[in-house]
Amino acid sequence: MHRKGNGPTDLADARPESSENRISETCETKSPATAPKGLSRLALNRRHFLAAGVATLATPYLSKIARAQGSDVNVGVVVPLSGANAQFGVNSRNGIQLAADQINDNGGIKALGGAKINLIIADSTSTPTNAATVGQRLIAQQNVVAILGAYASSLSLALSEATERRDVPLLTMSFSDMITGRGFKNVFQVISKATTMGAAQLRGPAGVAEKAGKPLKSIAIMYEDTAFGTSQAGGLRATAAELGIEVVMDEAYPLGITDVTPLINQLRGTNADAVFPCSYLNDGVQIIRTMRQQGIDMPVIGGAGGYVIPDFRAALGEYAENVFSVAPSNYDLAPELTDAFKERFGYFMVHEALEHAVCLDVLAKALEISGDTDSDALREALRKNRFEGGWAGVIPGGGVDFDETGLNTLAKPIIVQWRGDDLVTVWPDDVAKKEAVWAGK
Amino acid sequence: MAFIQAVLDGLMIGGVYAVISIGLTLVFGVMGIVNFAQAEFLTLGMFVAYFAWKFLGLDPLIGSFLSFAVIFALGVVVQMTLIQRVLNAPPVAQIFVTVGLLIVIENLTLITFGSDFHSVTTSYQTSTLRIGPLFIGVPYLAAFLMALLSAAALWLFTNKTWYGRAMRATAQDPMAANLMGINADRMRQIAFGLGVGMTAFGGAVILPYFTVHPTVGHQFVVLMFTVVVLGGLGSVAGAVVGGFAVGVIQSVSTLFFPIQLQNLVLFIVFLTVLAVRPTGLIGASR
Numbered sequence: 001m002h003r004k005g006n007g008p009t010d011l012a013d014a015r016p017e018s019s020e021n022r023i024s025e026t027c028e029t030k031s032p033a034t035a036p037k038g039l040s041r042l043a044l045n046r047r048h049f050l051a052a053g054v055a056t057l058a059t060p061y062l063s064k065i066a067r068a069q070g071s072d073v074n075v076g077v078v079v080p081l082s083g084a085n086a087q088f089g090v091n092s093r094n095g096i097q098l099a100a101d102q103i104n105d106n107g108g109i110k111a112l113g114g115a116k117i118n119l120i121i122a123d124s125t126s127t128p129t130n131a132a133t134v135g136q137r138l139i140a141q142q143n144v145v146a147i148l149g150a151y152a153s154s155l156s157l158a159l160s161e162a163t164e165r166r167d168v169p170l171l172t173m174s175f176s177d178m179i180t181g182r183g184f185k186n187v188f189q190v191i192s193k194a195t196t197m198g199a200a201q202l203r204g205p206a207g208v209a210e211k212a213g214k215p216l217k218s219i220a221i222m223y224e225d226t227a228f229g230t231s232q233a234g235g236l237r238a239t240a241a242e243l244g245i246e247v248v249m250d251e252a253y254p255l256g257i258t259d260v261t262p263l264i265n266q267l268r269g270t271n272a273d274a275v276f277p278c279s280y281l282n283d284g285v286q287i288i289r290t291m292r293q294q295g296i297d298m299p300v301i302g303g304a305g306g307y308v309i310p311d312f313r314a315a316l317g318e319y320a321e322n323v324f325s326v327a328p329s330n331y332d333l334a335p336e337l338t339d340a341f342k343e344r345f346g347y348f349m350v351h352e353a354l355e356h357a358v359c360l361d362v363l364a365k366a367l368e369i370s371g372d373t374d375s376d377a378l379r380e381a382l383r384k385n386r387f388e389g390g391w392a393g394v395i396p397g398g399g400v401d402f403d404e405t406g407l408n409t410l411a412k413p414i415i416v417q418w419r420g421d422d423l424v425t426v427w428p429d430d431v432a433k434k435e436a437v438w439a440g441k
Numbered sequence: 001m002a003f004i005q006a007v008l009d010g011l012m013i014g015g016v017y018a019v020i021s022i023g024l025t026l027v028f029g030v031m032g033i034v035n036f037a038q039a040e041f042l043t044l045g046m047f048v049a050y051f052a053w054k055f056l057g058l059d060p061l062i063g064s065f066l067s068f069a070v071i072f073a074l075g076v077v078v079q080m081t082l083i084q085r086v087l088n089a090p091p092v093a094q095i096f097v098t099v100g101l102l103i104v105i106e107n108l109t110l111i112t113f114g115s116d117f118h119s120v121t122t123s124y125q126t127s128t129l130r131i132g133p134l135f136i137g138v139p140y141l142a143a144f145l146m147a148l149l150s151a152a153a154l155w156l157f158t159n160k161t162w163y164g165r166a167m168r169a170t171a172q173d174p175m176a177a178n179l180m181g182i183n184a185d186r187m188r189q190i191a192f193g194l195g196v197g198m199t200a201f202g203g204a205v206i207l208p209y210f211t212v213h214p215t216v217g218h219q220f221v222v223l224m225f226t227v228v229v230l231g232g233l234g235s236v237a238g239a240v241v242g243g244f245a246v247g248v249i250q251s252v253s254t255l256f257f258p259i260q261l262q263n264l265v266l267f268i269v270f271l272t273v274l275a276v277r278p279t280g281l282i283g284a285s286r
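Protein chains in written order, with the working numbering: chain B, 1 to 441; chain L, 1 to 286.
These are computed hints drawn from the structure, not numbers from a lab.
These numbers come from a predicted model, not from an experiment.
For every residue, glycine included, the Cβ atom is placed at its ideal position computed from N, Cα and C.
The reader is advised that the hints may include incorrect statements.
DEER-style ranges, computed between Cβ atoms [stated by the list, open to error]:
1. B:Leu243 with L:Leu134: 31 to 41 Å
2. L:Tyr124 with B:Glu242: 35 to 45 Å
3. L:Phe3 with B:Asn271: 12 to 22 Å
4. B:Ser218 with L:Thr279: 49 to 59 Å
5. L:Tyr163 with B:Ser218: 52 to 62 Å
6. B:Asp101 with L:Leu129: 22 to 32 Å
7. B:Lys214 with L:Leu56: 37 to 47 Å
8. B:Glu343 with L:Ala153: 44 to 54 Å
9. B:Asn322 with L:Ile4: 55 to 65 Å
10. L:Phe256 with B:Glu318: 35 to 45 Å
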């Protein structure tokens, strides 16, 4: 039986926008915590039955609606708030919300007469079709100037089809090479693409191992067979060939694998110098636990995804110590900015939150330059300028500068390593906060 | 040797597949209802065991009994309030109710517990037994033994107790059972409670090696249906055989095919069995 999706939400998506719907969405954008999201979800789903109740609930927000209209800039946010990727969607939304509040508190978009950023947040669920549908709905009915999202590559790819058709800029932090590889005019990727990430995932640790006097000779690769895993493994493979490192295991596994033991049995037979798993959290945790069970202590270099979130450390405890991962950015590179996130949400600013804040920051800066919400002008401003400072400056490499395809040419992936509850940047040397610990043979 | 290891791994995980699937087959056997929300009760069971670990310090293997009790009670309530109403309704109404329940439970857990992934840490989590060249992960072994234990307990209950016999009587002929002084509604409540409780128990015992989040059920739902249909829908013994078969096929297939295709091999075997024996491996005893 396949996942049924969120039936009622699907229905709501298919229906024309009504005022209640609009109100509950706007109410959602204003709330920092997750609880009111539930409220709006319930309100949405049972609209038919509780129309009167919804109207009553929404009354307090009417004034906000009134303020939101007029000169404010509507920015669409499409992230998975339910389904398998929900957690990453919530993190992303938190990052965008933080950046939006900062922009608004500092007087909004000055070139547009102090217009406030008005986030319209929509749940893509974790299915690509829904990502495209809600994206389309935001464009058609909410008059958004741009869309940010949608975390997972498969969702962003589907969403980008909708934004390209309607000529609305999409700013994303998804990894897949295909995002900017299809000649789309309206898609902007603020971080490196997956093959570059995969290359750094090997290049960084290879350097670290070399420095420790234990150069890498053979490696094992295992990856989830999604857009994310497949393209990143491609980068790993190519770089291994380039560096003359033998790939002794190269195995894809299905997303949602229920038992990783067969993978680890294979790994045990290889005697590799290090293992490079590209996976989300549950598989990643299972992989490391099963490895440790079988006494395999080779260094692990994760492919971002589930390896760089606080839950990883919470799930593995001491077994998380010194596990590496590649990452497109890290909170310790700009504590002066990211501490605000930790204060507000109670956990460190995970990379997807950080990069989504960058997306909004870049958009706001482009709006300042263009002084116009017209999509042609906005696209020109995004493509022709280099964005530095503020959140944009946190991207390793110094900022954001989009090329013809919409890819950020400045971005450089980094390598992070777990130390206690902290995720520390350890490579490359010019941004490293601490020396890397290499436990290989 | 790799083959023996693969079979061993398959049996370990298969025991767990069996237990989480028994509930599905039990509910179908007694009530003739396919509970599409069965996997959500696995999620709930995992959450109960997780919170028991977090707030009471209970090891998930002990907490699994609490999971069973809590979800049993919940199952009785669900049966009384929802399932009872569609017992004699057309199948499509039954599907609406259980699929609706799936969506409600999934989103309620999301609203209540958030979208975070939760995981326990226990002392035996990363220990392993070595028998010569063979490895057996302790959490896998523990889950397997607990699964066997619960399956045996269920067998004793259904075969050796009055309630168990009354439940089977209800399954065979509710009218006759009623005439014999058996409260058929009560039996159905117990059966549904047992069914979802067993699944919750299975979810709790895998907690030492699995992470819980509101949609974890999705990862098991296809497997659960494969297990029960392979074994013979409605047959508890079939679920046990089916569980082991699925576990071993998944595990052994990785010796010959890429791991990516492990479920493809499973479904080919599944379809072949259905073609040859449409009632499942141990079927015909509905």
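**Request:** Determine whether the Cβ-Cβ distance between B:Asn322 and L:Ile4 falls within the hinted range of 55 to 65 Å.
**Result:** Violated: the Cβ-Cβ distance is about 34 Å, outside 55 to 65 Å.
**Asked** Is the distance from the Cβ of L:Tyr124 to the Cβ of B:Glu242 consistent with 35 to 45 Å?
**Response** Holds: the Cβ-Cβ distance is about 43 Å, inside 35 to 45 Å.
**Prompt:** Falls inside 37 to 47 Å, the C-beta gap from B:Lys214 to L:Leu56?
**Reply:** 45 Å, holds
**Asked** Does the hinted range 49 to 59 Å hold for B:Ser218 and L:Thr279 at CB?
**Response** 50 Å, holds
**Item:** Pairwise beta carbon distance, B:Glu343 to L:Ala153, judged against the given window 44 to 54 Å
**Value:** Roughly 50 Å apart at Cβ, these two residues keep to the hinted range, so it holds.
**Request:** Given the range 31 to 41 Å, decide if the beta-carbon distance of B:Leu243 to L:Leu134 lies inside it.
**Result:** The hinted range 31 to 41 Å holds for B:Leu243 and L:Leu134, with Cβ atoms some 36 Å apart.
**Message:** Within 35 to 45 Å: is that where the Cβ-Cβ distance between L:Phe256 and B:Glu318 falls?
**Reply:** Cβ of L:Phe256 to Cβ of B:Glu318: about 37 Å, so the range 35 to 45 Å holds.
**Prompt:** Are L:Tyr163 and B:Ser218 spaced within 52 to 62 Å by their CB atoms?
**Reply:** Holds: the Cβ-Cβ distance is about 60 Å, inside 52 to 62 Å.
**Message:** Taking 12 to 22 Å as the stated bounds, is the beta-carbon spacing between L:Phe3 and B:Asn271 within them?
**Reply:** 20 Å, holds
**Prompt:** Is 22 to 32 Å a correct range for the gap between the Cβ atoms of B:Asp101 and L:Leu129?
**Reply:** 54 Å, violated
Of the numbered hints given earlier, the model fails hints 6, 9; all others are met.
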